[in-house]
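Enquirer: With the sequences and hints as input, model every part of the structure.
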Amino acid sequence: MADLQALVFDLDGVIIDNTPVQARAFQLLFRDLGLQADANELLRRLNGMPATDILEQVFEEPQSEKDLKKYADQREFLYRTLYWDERQPAPGLIEFLEAARAAGLKIGLGSGSANDTLSYILDHLDLRRFFDVVVGAGCHSGRARGLQGGHALRGRDHHPGRGRLSGAVASHPGFHRGNARALARAVQPGGRGSAGQ
287 MADLQALVFD
297 LDGVIIDNTP
307 VQARAFQLLF
317 RDLGLQADAN
327 ELLRRLNGMP
337 ATDILEQVFE
347 EPQSEKDLKK
357 YADQREFLYR
367 TLYWDERQPA
377 PGLIEFLEAA
387 RAAGLKIGLG
397 SGSANDTLSY
407 ILDHLDLRRF
417 FDVVVGAGCH
427 SGRARGLQGG
437 HALRGRDHHP
447 GRGRLSGAVA
457 SHPGFHRGNA
467 RALARAVQPG
477 GRGSAGQ
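Under our numbering, the residues of the sequence shown are numbered 287 to 483, in order.
Because the hints were derived from the structure by calculation, they are not lab data.
What you were told as hints is all true, and nothing was included just to trick you.
Listed next, with one range per pair, are the computed distances between beta-carbon atoms:
#1 Ser-350 x Pro-377: 39 to 45 angstroms
#2 Ala-400 x Arg-317: 23 to 29 angstroms
#3 Glu-381 x His-410: 16 to 22 angstroms
#4 Asn-326 x Asp-359: 18 to 24 angstroms
Here the structure is a predicted model, which is why all the values come from computation and not from measurement.
Glycine residues also receive a C-beta, built at the ideal position from the N, C-alpha and C atoms.
Expert: Below, the structure is given as structure tokens:
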């Protein structure tokens, strides 16, 4: 597995299990706005999209970008309030990241979340120390320091979502106790089989 060079993680639902809290925040916002929508169903379909895009789906009439941003900010406040005492890494994540680091892998985090939201999680949980690069919604650069814009994962025969896991990492007990979905992007260029999800 010498070709495996890096792991790339998402934030929401991968390194933290926050989807139920995200759904509660959306549901409270919908109630406040008098909207009839099922936040759990919406997140099953749209999780990972910006809140403004998710909110566009629930209004019968088009909303201005300014209003969508205002509602998204309100939802973010609700989410942070609800999640304040519940913030914790996914089970097995710390051990898994330690094993990946010990195996000499570069570790990146890419998220559609804004930088202040990333800090709300990563810094509170002291997770930033594991990542060579963190790219959030506020990063518009084509190249990320450390992973060189994802080149560490690229190869002539690389196909996203297909590959093999490093045996040292995949055999680590933290992986089996933790959230394997994080490994959807932990691939070896040209590998066979499926990694993660």
